[in-house]
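Throw the hints in and build the complete structure from the sequences for me.
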Amino acid sequence: MQHACDNWFVAFFEGALIILIMVRIIKSMRGSIPFIRRIPGLNAIDEAIGRATEMGKPILMIPGILGLDIVSLQALNVFTHVTRTAARFATPIRMCVCDATLYTISQEVIQDAYQAEGKPELYDPDSVRFLSDQQFAFAASVAGLIQREQVAATFFLGSFFAESLIFAEVANSVGAIQVAGTVMTTQTPFFIAACDYVIIGDEFYAASAYLSKEPVATGSLVGQDYAKLLLTFFIVLGSIIYTVTGYAGGPHVPLIHTLFADGGWNALLHSIRHLF
Amino acid sequence: MKLTDRTIGIIAVICLIPISFGAYLYYLRFGQNGLNIFLGGLVTLAVYSTLYRENPIYRFVEHIYLGLAAGYGVVIAWSEVLSTQWYDPIFKQHQWLWLWILPLAIMAYFVFSKKHSWISRIPLVILSGFAAGTIFQGFVSQYFPQIQDSFKSLRPTVYTLQNPDPSPAAHILSISGAINNAIFLITLTSVLTYFFFSFEHKKKAIRGYAQVGRWLMMIGFGAIFGSTIMTRFALLVDRMYFILIEWMHLGHPIA
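Here the protein sequences line up with chains A and B, keeping their order.
For the first sequence, this note's numbering begins at 1 and goes up steadily by one.
For the second sequence, this note's numbering begins at 1 and goes up steadily by one.
What the hints contain is simulated information worked out from the structure, not anything from laboratory work.
A hint or two may mislead.
Cβ-to-Cβ under 7 Å is the rule here; a few derived chain B residues that face chain A [to be verified]:
{"no.": "1", "residue": "Tyr65"}
{"no.": "2", "residue": "Phe144"}
{"no.": "3", "residue": "Ser153"}
{"no.": "4", "residue": "Leu154"}
{"no.": "5", "residue": "Arg155"}
{"no.": "6", "residue": "Phe195"}
{"no.": "7", "residue": "Ser198"}
{"no.": "8", "residue": "Glu200"}
{"no.": "9", "residue": "Phe225"}
Virtual Cβ for every residue (Gly too), placed ideally from N, Cα, C.
Here it is, written out as structure tokens:
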């Protein structure tokens, strides 16, 4: 674990990234809503809800199999949109969670979504279910539920692992239209293979911000774009320095390499003192 | 002909008689371990029965699995968490400060009270705060070494296609190594371009470069898919070995 006192450059750099993001969030909160590019996968969300409404079958939502974290909270943002749209057409929903803490939050979020649409009577407490906190027991139970209830649309958004293909294949076998998105690089290929629409990597956060229109989420997304731009600048700069100096490893490490390692700040100060 | 749930259920009940007899024979011949293997084989087949369609046998095993997982979770919660990290430090090592967790845990149970359910949000907020702090610290440990490793030289140190000394201590960059680095940088920057959301990809150059990123990602996903499928096949082979060799004794076990 790297600590701030090991490398003050890294601490300041992270501070700069935080400031960038915070500035954008504050601007957003003051009413300057930033532009966010629409992701193709988002159109699929309404399409999937429409299909379930036409068939009169339930929509299944799973916010990953990890506990309360940023990814699952972003998934809940998207599910709020799904639930609100489903509530408008009185389409039944099912939400399966794998974590007790997330279960409590999910219940409140789904109930709030129904209330926000002015249809609190449609909220069914049994629609949000805690099945198991063990990975494959959860997977077996979800697979059974998909087949028993013959769900028409599925939304797998969050952190998934080896069970991703079990969910996607079983839902595919009952002919459900599937929208999936995960930040787990190793599971994205399985969703691409078995689902109709896939939200890849960071698109997941963008989808959540786009649908929720929350100033914090949208501002944070734009701030992160700036952060990515800054990091890209450093990577390109570092590579140019490596190419010019012809560095391919060895003891005489360029300063930019040292900056991102333990003692990086000391190395910078040492170089500045050496110059004068 | 599609079998109904009732037919499958009746078949399962009828099968219980030879299954019980088989289990008894296994127990007589192989002892407790044999009985475990016999039950393991049956459960495996019951789970595979869902490949035909969802049926009462699968449902029965699914619920047993859920029940076992719940029981296992309780045991693990006590033996791995509560006992070792809470009960023992307080009551055996007399570190009384750990008692402060108790009111927080009790607060979580207020979720069942309609009037005081707001109290249950306090531990959630504290947990979220802890999670946010850990993520800040984890960000540096996880991403900064990656940034450092992303600095790549595009100038070969030797003008040969292959590296004459591939040991890391030699610090040699051949032409193929430089090409490899160039592919890495193009992939990294193009994928990053694809993931910019705060502006429309209208300009032809940006749109084209983002498309390159998308294609390169898909190639990467294909490679991940292939290698993971290989692993899954290894798991299938292992299960088939269990069914055919250990359960049905259709061959000799591998020594």
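Against the structure, the hints come out as follows:
Interface restraint check: Tyr65 (chain B) against chain A, minimum CB-CB distance 5 Å, threshold 7 Å, status holds. The closest approach between the C-beta of Phe144 (chain B) and any C-beta of chain A is roughly 5 Å, which is under the 7 Å cut-off, so the hint is satisfied. Nearest Cβ of chain A to the Cβ of Ser153 (chain B): about 4 Å, under the 7 Å cut. The hint holds. The beta carbon of Leu154 (chain B) is positioned within 7 Å of a beta carbon in chain A (closest approach about 5 Å), and the interface hint is therefore held.
The interface hint given for Arg155 (chain B) holds, since its Cβ lies 5 Å from the closest Cβ of chain A, which is under the 7 Å cut-off. Against a cut-off of 7 Å between C-beta atoms, the interface hint on Phe195 (chain B) holds, since the closest Cβ of chain A lies about 4 Å away. Proximity of Ser198 (chain B) to chain A holds as hinted, the smallest CB-CB distance being about 4 Å (cut-off 7 Å). Annotation: interface hint on Glu200 (chain B) holds; nearest CB of chain A at approximately 6 Å, less than 7 Å.
For Phe225 (chain B), the shortest C-beta to C-beta distance to chain A is roughly 4 Å, which falls under 7 Å, so the interface hint holds.
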